[in-house]
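If you want the building blocks of each chain, they are given just below.
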Amino acid sequence: MTGAPRSQTARALRNRGFLTLCLACTTLAVLSLFLLLGSVFMQGWHGLVDQEAFKAVFSEGHLSSIPNLIRWSFFTEYASRRPDAAGIRAPLLGSVWVCVTCMVCSLPLGVGTAVYLEEFARRNRFNRFVELNVRNLAGVPSIVYGIIGLTAFSRMFGLIGKADGQPLQFGDPDSFFSLRLPFGQSVLAGGLTLMLVILPIIIIASQEALRAVPKSLRQASHALGATTWQTTWHVTLPAALPTILTGAILALSRALGEAAPLLVLGIPVFITSTPQGPMSNFTVLPFQIFNWAGRPQAAFHDLAASGIIVLLAVLLSFNGLAIYLRHRLQKTSA
Amino acid sequence: MNAPLPTPALLATRAAQRGTLRSTALRDSRERLVRGALVLTSVFSVGITFAIILTLAWETFHFIQLPEVTLSDFLLGTTWSPLLGAEKHFGIWPLVCGTFLVASVGAAFALPVGLISAVYLSEYARPGVRATLKPVLELLAGVPTVVFGFFALTVITPALQGLCKLLFGAPIFPGYNATGAGLAVGIMILPIVCSLSEDALRAVPRSLREGAYALGGTRFDVSVRVVVPAALSGIMASFFLAITRAIGETMIVALAAGGLAHLTLNPASETQTMTAYMVQIFLGDAPAFGVENLSSYAVAAVLFTLTLGMTVLGNVLLRLFQEEYE
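Protein chains in written order, with the working numbering: chain A, 1 to 334; chain B, 1001 to 1326.
The set of hints was computed from the structure by calculation and includes no laboratory data.
This structure is a prediction, so every number in the text was calculated from the model and none was measured.
Hints are supplied without guarantee of correctness; some may be wrong.
[To be verified] Chain A side only, calculated, beta carbon under 7 Å to chain B, not exhaustive:
no., residue
1, Phe-18
2, Cys-22
3, Gly-112
4, Asn-136
5, Thr-151
6, Val-213
7, Leu-217
8, Gln-219
9, Ala-220
10, His-222
11, Leu-224
12, Gly-225
13, Ala-226
14, Phe-290
15, Ile-308
All C-beta atoms in this analysis are idealised placements derived from N, C-alpha and C, irrespective of residue type, glycine included.
Let the sequences and hints guide you as you build the complete structure.
Structure (structure tokens):
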């Protein structure tokens, strides 16, 4: 080894020094997380807690005030120009609508592609290309998907619509079953755009899940005379389901936190209605947080922090659910 | 009770009702149908790539056809002033420069810290410590990027300003600056570097470590001179992935880096990245056919080319330097 010090103590010293450096770096990494969470919490908890009830419980010991601790108006009110009256009702429900739409569209496509690549595809040039393509798609920035979503879903390449630029409307605009072409800034356009973002994630996670299923299970099924699809449907997919679900939930939490692609679609910041169907306009929580954080007044920064706490709480419970599901399903299948 | 014996026809009917078809012709046709549907789903993912390439190429072509734009100005120009001033300039370099400035600040923080943390987790930490720290870092990976942007704006930049005031007597950093945004990007990509590098380090076979220990190596010698070089391809892959994410990051720079596109490498200055420019255009309700709208497609084309190039290069490096251990 070149440059290695000969003396035993020098080597021991260097070993000790590197350990210190390691500890410092790891502490820095963990510290940045706690600093992030801590600062957001310090700024945001006021907006989520009813101050009078808080005082009653913790200073005066009135335990009966515990149910009033949470400031529900933050969840039930629409956005407002006055920070103390503003709430996240529209973005919260908008996030739910758009994420459900996104999952309904992306799960069949993603799992289908993974099943094809892992169970059906022969190793030919086309299939290798599909696989490489999925890996490359995973590295495309989400804002680029936003631009594609804007062009393909929101504007439909400018090919569809009336001559005056108004969209074609089918059915009653206020009902659930209506259709508007092009999709504009609707829940469906948002869900499809987010589908583009998370499709590669779902495909890769499902591929890994299918690959982890032992070969012997498939061979046993084939030996009983099952076709490839019968084997996939009755044997491989059930065995891979826990891992696929975990991957899907992680992809869902990615979709829930995305703001950039939806921002490109041009979704509104200020909206005082909740979605009624796939053609309704909507806004999402990360975008509302972005809007509040970008304003100069400190009161809106506090609102942004409160919104972040809600968003992180939802994401954390999703991740917890993923871990629980995996644990539970693995137990029942074993 | 004397039930009639089930005839084969009855059995077949019951089987059909339960959904288990007995006819091999039906079974085979269903097989073909399913196979066709699955092929369609995978063709869809290829279609996305073609949609991206065709859309960006088509709109960029239209952008270059505009009277106020020339291709040489776009690719070589050093002034980006699409919105203000009597004469508009569309030179991409200030935006590329801003993107690399923010990404390099982030990489300068995240690559060393992430790699050294990975070495610690894989080589030094006791299993209990590792089992606690790794989920914590994965938690960091699940935080939405808009949260990091908020953090950059309300914590990192004020902290930088306070630090500079303490040291130099003046808050050198403006309210929006490349360092604040870059550090937030660094914290965002840190778990990618750490987690993937750690996976690569752990994949190095035990026998290599034991061989090095047998030759009298200290833990430092073993981890830095044997394990890290052996896992280099995986580490490089994690670096490439992290830098790609940093280049494409949008919400952090839109919140914390500012909106001034100029050709500078000063990390204390306000800057605009390619992604932040797109945010500026689309937040401003750009009309579908204006020059601003088309310019954002051209910027997106450059961004897509860059990130795709990084991803492909990362994959090639991974394959070139991958070492097989038995």
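Against the structure, the hints:
1. Because the closest C-beta pair between Phe-18/A and chain B is about 5 Å apart, less than 7 Å, the hint holds.
2. Checking Cys-22/A against chain B: minimum C-beta separation of about 4 Å stays under 7 Å; hint holds.
3. Residue-level restraint check for Gly-112/A holds (minimum Cβ-Cβ distance to chain B is 4 Å; threshold 7 Å).
4. Checking Asn-136/A against chain B: minimum C-beta separation of about 5 Å stays under 7 Å; hint holds.
5. Of the supplied interface hints, the one on Thr-151/A holds, with its beta-carbon coming within about 5 Å of a beta-carbon of chain B, less than 7 Å.
6. Here the hint on Val-213/A is broken, as its CB sits about 17 Å from the closest CB of chain B, past 7 Å.
7. For Leu-217/A, the interface hint is violated, the least distance from its beta-carbon to any beta-carbon of chain B being 19 Å, above 7 Å.
8. Given the 7 Å rule on beta carbons, the hint for Gln-219/A is violated: about 18 Å separates it from the nearest Cβ of chain B.
9. Using the Cβ-Cβ criterion of 7 Å, the hint placing Ala-220/A at the interface with chain B is not satisfied: the shortest such distance is roughly 18 Å.
10. Taking 7 Å as the C-beta cut-off, the interface hint given for His-222/A is violated, the closest approach to chain B being about 13 Å.
11. Nearest Cβ of chain B to the Cβ of Leu-224/A: about 13 Å, over the 7 Å cut. The hint is violated.
12. Annotation: Gly-225/A was flagged as interfacial toward chain B, and the flag is violated, the nearest CB pair being 10 Å apart, outside 7 Å.
13. Checking Ala-226/A against chain B: minimum C-beta separation of about 10 Å lies over 7 Å; hint violated.
14. Hint on Phe-290/A holds. Least Cβ distance to chain B is approximately 5 Å, under the 7 Å limit.
15. For Ile-308/A, the suggested interface contact is upheld, since its CB lies about 5 Å from the closest CB of chain B, less than 7 Å.
Of the numbered hints given earlier, the model fails hints 6, 7, 8, 9, 10, 11, 12 and 13; all others are met.
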